[in-house]
Every structure is written in structure tokens, then in C-alpha cells.
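> Listed here are the chains, written in short residue letters.
Number of protein chains: 2
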Amino acid sequence: MPTVALDGRGAERGPETIVAGARGAAADGIRLRVFGDPATLAAVEQIDGAELVPAVEEITNAEEPVAAVRSRPRASVVLAAQDVAEGRSQAMASAGSTGATMTAALFALRRLHGVRRPALALQLLVPGRPGPPALLLDVGANADARAHDLVQFAYLGAAFSEAVLGVAQPRVALLSVGEEANKGSAEVVEAHARLARAEGLDFRGNLEGQDLLAGAAEVIVTDGFTGNVVLKTIEGTAKTVAEAVRAAARSGPVAAAGGLLLRPSLGGLRRQLDPDTTGGAILLGLRGVAVVGHGSSGPEGIANAVRLAARTVDQSAVERTAKLLERAGMTRGGLRGESPRAGMRDRKEL
Amino acid sequence: MPTVALDGRGAERGPETIVAGARGAAADGIRLRVFGDPATLAAVEQIDGAELVPAVEEITNAEEPVAAVRSRPRASVVLAAQDVAEGRSQAMASAGSTGATMTAALFALRRLHGVRRPALALQLLVPGRPGPPALLLDVGANADARAHDLVQFAYLGAAFSEAVLGVAQPRVALLSVGEEANKGSAEVVEAHARLARAEGLDFRGNLEGQDLLAGAAEVIVTDGFTGNVVLKTIEGTAKTVAEAVRAAARSGPVAAAGGLLLRPSLGGLRRQLDPDTTGGAILLGLRGVAVVGHGSSGPEGIANAVRLAARTVDQSAVERTAKLLERAGMTRGGLRGESPRAGMRDRKEL
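Those protein sequences? They're chains A and B, same order as listed. Note that our numbering has the first sequence beginning at 14, numbered continuously upward. Note that our numbering has the second sequence beginning at 14, numbered continuously upward.
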């Protein structure tokens, strides 16, 4: 079982959530190193297989990630990333600032050969649909993406889907505004053309917003701006509709009785709409494993973030991704003429 | 009461839907000129205030809009647009190909002085929330948008919201991936900076996906790629969640009884999720009025598309938009160095 470096700071629901989450993951046999405030995380020491590593500094959501990560080497998230880079842990997970987690991971773990921009990938759980969830990427690592990046995201997502989510031959789709190859922004149209002739990918063409949750593809590729907006739109819409149903059930005694009778059957729907279920997003394209948990994670969300990190290590996802990129010729030329930090240019826009 | 030129072809649910929709709108006193096949639309002649104008050609969804509109001057949607340009009607509406409708309108009605790219705007109805719906634009007229375009969309949306939706001082927000001014793609960050100092707009900053339906702004600005994806994502998610609730109500006898009791109270939710309720999107930035109905419109959707077109004329929305653009200085410089057809460059990407 791998060791996961868990950021013990930054979770919106406080250190108790971290402790409870660590306990849940440790019960599965995962070893943990938890970085944070010894005063509030003392209970970690009581967990079998978990170790507390003091980290006196914290990076908050409000801070500019690159500047904060650079200037605060003893921040919990930076120490967690460093722990993976130095081999004491095999993966990191944080429910703190998304920007700081991505930046710390990128600095410490570095990009795979040929990867221009790492991408943040998230599993989309579909209410009422069993089977493997679709993987949407990028959901926010890069605010701007070129056609070349979108093609690379397709490989990163396919490798992860196969290695960690257990999909034999993941179908890949490109998010756009119509099914036809010529629909979309200039970069999307160009990405479509390249994906259509890409080797080693089961590319199924464009996919529109209404089909995101329809199960037509296991990997859905988009730029980080659209992906982030779409992800939050799904969350917001699901919440709004669920609230409208609840409001209807409060609108009178007959409806209220109906709501009470229906309630137990809606448990599965509630669970599928709960971000805790997936454990968070994963940053793909690095030489190590970094999971970005939902800021509002409960104990189950923290435990699932650690489990996702451990499973990604167990399945050798990084090595398999590197091999797929090499077979696809993505390690040649992609970085020609670029500085090794090209991927950081937009970091401030996160 | 204005006369509306209604495209009698292209509606997915057939000419009967057009006839029934025309009857509904005519009952409100709106005069109609319906363009289409005399054989299937003969019943239009029986409607008080409606006139049938034969149009032998049709443009389908599958066709490339610019080529089709150019080569088929006798297509119903082209004749309807021409009817407005020549003053026999004051507005047009179509539930046929969105691309063809936009192209025909753009060619015949032309852009307002200073407008680089017209934008397609749609009212977002929020389940369970009374009050004016938010206007989202662009939902698909332009696949790529520059910062300048986004600022212009803000003025176009604000003018329409005030004139037609009756919002006294519409709050304007920019769709992005975070609240901070520096979050988003390069064009969005630049648009934010310009909107923050724009005159005559109540700009409230960035708005994220989860807040699209939260009622924080009456005008939400984005590029046509993101807007189109987001719009379809809202539709798809609402449908998926509603289906999951229905499935729960079929999961056993107790749940089924609950569903039956709750059902009557869910009527409002169903109505708010039905695209027929708003009548469709409106193309803003032209010297005339063009409404793009939902392809799957029922009779009420067609009638509401015609009503929206008539109301837009009644409220002098075009004139008020032109004045707002002039006050904002948007009629100066915006077109400098551009060909008059600049807005058509991306038309093929629709």
C-alpha cells in the first residue's frame, strides 16, 4: 500500500474533518503522512498507519498561488508536495486552495516529458446511471488552451480512465457547440481535426453540453475555462432543481406527504450529487500523483481523495500515461523551443 | 401592434405547430405574415390577422448556413428576413436552423452602427425563483469573442433587459472561473478590466457557473462557445436530475404513492424547465428584430417566439440599444479598419 501525503490545512470544515478522513483511509490500509498544525491534528497520532508532520505555515484560498508557494516553503501543501518529490510519500492530496495545490504539485513533481500543460480531471457522476463515470478535463488548470493542449488532454484522460477507472477502451469526445467537425472555436475545430487522426485513441467526435451526463463517452476534453464553468453549472443546476423539488414538497400537506414517501428512494440521487463521492479532481501530466479535494469535503470526501491518490499509484497511472504519450509521439516536438516553465505562464490566471 | 414575419418551415414538430402557434399569437392581436409551403400551411389563411406568403424553398439544419442563405433567395427564412428589411414586417421569428436564421437576419437587417458581432441572447428561467429571468448572451452567434465583443455584449444585453424585460437598472456580470478580476481566460480578464470602467453599466464583476441560476445578475455575459455549452449543460442537467427523481418514484409502491401525491406541485417546475416558456433567443445588435425559436418548439413555443418579437418592436429595443451604444462611445472606433462583413468571418463555425 502506498503512502499518501495529506495536507492537514485549508479544509473548509476544519481539522476534525481531516482527522476523520485520515482515519477512514487508514482503515483501508493506506499509510498517511499528514502535514499541519500539531495542536489541532494531535488525534492523527492515534491512527494506525498515520503520521503527523508539523507544518507551521498555511496558504489560503485568498492568496495568489504562485507567489504564496514560492515564498512559503514550510506551508503544509508545499511540504506535502516535497514529501512526494523526495520519495517519502508516493502521492499527495489536499482540500485546501486548488491553485496552491496545483502550483505546489507542479513545482515539486514536474511535468512528464512532452507535456506542455497539466490538466485537472474530475469524474462526473451521473444521477441514475450506473457504470464508470465520465472523466471531464481540464476543469481549471489552464484558463486558455491551444489545440495541441486539447489533444494532449485526450491522451492524459484516456490513460487515467484506463489505468485507474478500469475502462477497457475509453471513448474520447471533444466538448463543442455542435456535432459537426467544423463547429466550435478556432482551437476546438483544429483540435477536432487532430484528434480525428490521432493514434491510439478511440475518438468519437464532438459532444454538446446536453450530452455531458448522457454516457456517450468516458473521457470528455475541453479547455480549463469551459470545463470549470461547465462543472460548476452542473453543480448549480442540480442543486437548483433539487431545491425546487424540495420546495414543491413543502407547498402543502398532500405534497408534503408525497415528499415523505418518496424521500427514502432519493438517497442514491443525493449521494451521486455529493462531491464527497468522488474524492476530488486529479492533476494529470505530472511525474507524480496529486489529488485536489473539494474545499467543502466532509470526512468521506477527504478519505476518498486519499483513496483516489493511493489507487492512482497502485495502478501505475503515471508510468502508463508516459508510455501512451510516447507511443503517440507526444514526447517529441511538443516542447521544442519552449522554456521548461512554459506551463506556468497562465498560472496566475487560475 | 407590429407585424411579425414567421418562418413556416423547419420546425421539428411540423407545420401544424406553426399554424397553432400563429393562431395563439394572432389571438393577442399580433399581425403575422407566415412564409412557407401553401399546401401544409393553408390553415394560416383562416386565422384573423395572419397572411400566408408562399416560399418554395427551405434551408435545413444540416446545411452550411452562409452558403445556403446566399444561394437560396427564395427560402422561407430568407424571405422572412427580407420582409422585415423592406418594411412589410417589423420583426422576424423562426424555429428552423439557428445558423440560417442568424445569417439571413444579419444579411438582411445588418448590424447597428459600431457593433462588431451581434450576439444571441436567451432568458434563463430559474426553477422556483420568481422575478425577471437572467439574460445570458452570447449563446452561440460567435464561437470566438474578443474582450471588446464581450463589453459590447454587456451593452446589448443591458439595453434589451431594460427595454423588453422591464428591469430598471439591470445588473451585469461576466461569466468566469472565479470572482477575482484576474481569473479567467486572457480575453475575459481584459473584458473584466474594461467593464469595470465602462460607463452606463451596473457591472457587478465575475460570476461563476454555480451562480448562473442564483439571481445575482440580470445580464450574464460570455462568449458564444461557453454560452452555448453552458446553456445546453443546464438543460441536460435539469433533465437528468428530473429523470432521476422520476426513476426514484418508480422504484417501489411506497415511492410511487409519494410521487403521485407530489406530482401536482411540480407543475411550475416543469413549466420553468420547458424551453417553450421563453419563446427562444433573440439576436441582438442588428437594425431589426430577429427571434430564434427552439427547434423543438410546440405551439406555445412558436406563439411565444412571435410574442417576444412583437414585444421587442413595441418597446423600441433597437432604437434604445443604438442610443445606449452611442452614449457609451461604442459607435466610435469599434469598426475602424474592419470590413463591413467582419462579423461574418466566423459564421461558418456556428
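What the hints contain is simulated information worked out from the structure, not anything from laboratory work. Treat the hints loosely; a few may be bogus.
Any copy will do: because identical chains look the same in the list, a pair fits if it lies in one copy or spans two.
To be verified - With a cut-off of at most 25 Å between alpha-carbon atoms, the simulated SDA-like pairs for lysine to any residue come out as follows: (1) 252 to 335; (2) 336 to 264; (3) 252 to 217; (4) 252 to 184; (5) 252 to 223; (6) 336 to 207; (7) 252 to 340; (8) 336 to 278.
> Decide, hint by hint, whether the structure agrees.
Consistency of the hints with the structure:
no., hint, in the structure
1, 252 to 335, "neither (38 Å within a copy, 39 Å between copies)"
2, 336 to 264, "neither (58 Å within a copy, 45 Å between copies)"
3, 252 to 217, "between (30 Å within a copy, 23 Å between copies)"
4, 252 to 184, "between (28 Å within a copy, 23 Å between copies)"
5, 252 to 223, "both (17 Å within a copy, 9 Å between copies)"
6, 336 to 207, "within (20 Å within a copy, 45 Å between copies)"
7, 252 to 340, "neither (42 Å within a copy, 40 Å between copies)"
8, 336 to 278, "neither (44 Å within a copy, 55 Å between copies)"
In the structure shown, a violation is registered for the earlier hints numbered 1, 2, 7, 8, in ascending order.
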